[in-house]
Amino acid sequence: MHIRDLVVSSLNILRTNRMRSFLTILGIVIGVMTIIAILALVQGLNASVEEQIQSLGSNTIFVQRFSWSAGRMDFQEIAKRKEIVLDDAWAIARLPSVDKIAPQKDYEIASLNYQGKTAKQVDVTGSTPDLQYTTNYTIESGRFINQDDNNHKQMVAVIGGYVVDNLFPTEDPVGKYLTIHGRRTLVIGVLGRKGSFFGQSQDAIIIMPLTSFEKIFPKPTGMQAVFRGLSIQVLPKSGKYLDKTVDQIRELMRRRHGLSYDKPDDFGINTQESLRQIYKNITNVAFIVMIGVAAISLLVGGIGIMNIMLVSVSERTKEIGLRKAIGASNRNILYQFLFEAIALSIIGGIIGTGLGLGIAKLVSKVSPLHAAAPIWTIILGIGFSAAVGIFFGIYPANRAAQLNPIDALRYE
Amino acid sequence: MLIHTEDITKIYKIGSYVVEALGGVTIDIDKGEYVAITGPSGSGKSTLMHLLGCLDTPTSGKYFLSGTDVTSLTDLELSQLRNKKIGFVFQTFNLLPRITVTKNVELPLLYAGITAKERQKKIESILERVGLGHRKTHRPNELSGGEMQRVAVARALINDPEVVFADEPTGNLDSKTGKEIMSLFNDLAREGNTIILVTHDATVANYAKRQLKMLDGKITEEVLVKTS
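Protein chains in written order, with the numbering used here: chain P, 1 to 412; chain D, 1001 to 1228.
Derived from the structure by calculation, the hints contain no laboratory data. Each hint can be trusted.
A short, non-exhaustive set of chain D residues, derived as facing chain P with CB atoms under 8 Å:
1. Gln1080
2. Asn1094
3. Leu1096
4. Arg1098
5. Ile1099
6. Gly1113
The calculated BS3-like cross-link candidates involving lysine-lysine, where the alpha carbons are at most 25 Å apart (straight line), are:
7. D:Lys1103 with D:Lys1084
8. D:Lys1085 with P:Lys318
9. D:Lys1084 with P:Lys318
10. P:Lys318 with D:Lys1103
Derived coverage of chain P by chain D (criterion: at least 3 residues anywhere in the stretch with Cβ under 8 Å from a Cβ of chain D; other residues may be distant):
11. 5 to 15
12. 314 to 327
In this text, a Cβ means the ideal position worked out from N, Cα and C, and glycines have one as well.
Model the full structure from these sequences, guided by the hints.
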């Protein structure tokens, strides 16, 4: 029997049993739908996380008091660590592979007011002019802070898009005065927009000279000091030198902190790679759990197909006998039933893939998650269901093939 | 010789019981013969038909179908033999209920791997031959019993078999329709087809030129009917 004839006759049989076929494939539909929706959303999430990680400045190294990727943080121990100080920054700046550095401090102010308008939760960063390069800031209008501002502790600020939207919806902010932490501050520039990072707007920011920042904000103490302490952004001369630069900084910092060789680092050197590591740690577990759930539903769907195929074999015993009498070999019968099972599950797989992509689209419409469905997810969905069809179809098909034609013909 | 058996037996073991369904049958049937195998139920006539029709292999003895030793064939070879050299007509018609007359008749051609164009041609001519040219797109449940049996006959003949087995072909038909079917078999026999009827009905058996009477797994009597 030719493949084409086999396909046509299988599909005809499935079509004459529409309701049953539909119910049979429901399990596969749900399983594949789950897998595809999860994959599409995870793909989307991966892509947007990667984009956000890139937005931090692709090769920037962050020297801080703690490491991002440390699994469990011992805050007591971290609090006892030496602070990162400006002298560390200047020492790092002299390393041969370092291009630019920017020491940085942050303070989050709960609300900022301007002529009756309010911007909530704005991050104020004090830094040096090279922050523009280490964090990839662009300037939309006005200018960035410069060395002069820093030397003279000028009360000037560059503001992000979120601040503009909330405080200066209709006017040009450059040249206006904001009151930050009780001090009149001149807006000298507007930053290009960066979007959000893990749901947190990167545009809710005000950048001012580090010297001015230290003048108006008190030195943090206790636990505050751990997270509000100085951090140093370092840009290596080239991406090629990233690892080498990290090594040089580590050596330098260990020397400055007087650590003996058997002591662990008491500071953190963080890169995009450490962020990726954290992200992977979090999502791997979630991913495995979700794939497990989807695999179970595929298993259930497969058992459903096997069940219906067994019913079908016993219902069609006489047909099998007749087919054998008129010339079907065992293999013909095996292929016929196997193909029906595969056709059922592939149809289920196609519907499931469609629904899964639909769900992913829907989720990305109503939530900040993005969905991305590369072509391989579709191939995977349909391939998976075909595999389920073969796996669960082979037993009933083999049973049909092994039927004795005489007994099968007598079967009532 | 189309069919030649040498002392074939069929013994079934059911648990500790041993049932001798066929106890040594030796027959020869020539091409073009019209033979009836008769006998009461349990006489072994169905078992003999199953063996001759290559649906089963004998426990002992030899069976040659147009010169081929059937006893040593594999499943694949047996199925090809059934497909190309043998046609079956059953008491209960055994049509597939969900597909049309055309599709039912097409089945043996599909297993024979014949091209769609040629299939089409063969189906048309065979349906015309059995008088069902107007029923091509009907489903079996839309046909009368006689028409269903005609479809079954068409299906049995579609691959130009060397022998057609008819197992109680009129058993599910009223006497008038039964006669029509038997006259169809008469015509087929006259055209040179080899036909083997299996029946317990003497009036049906009388259509055949040669009758083999069976009892308890053996051929007990052979009657040659004089041709008029």
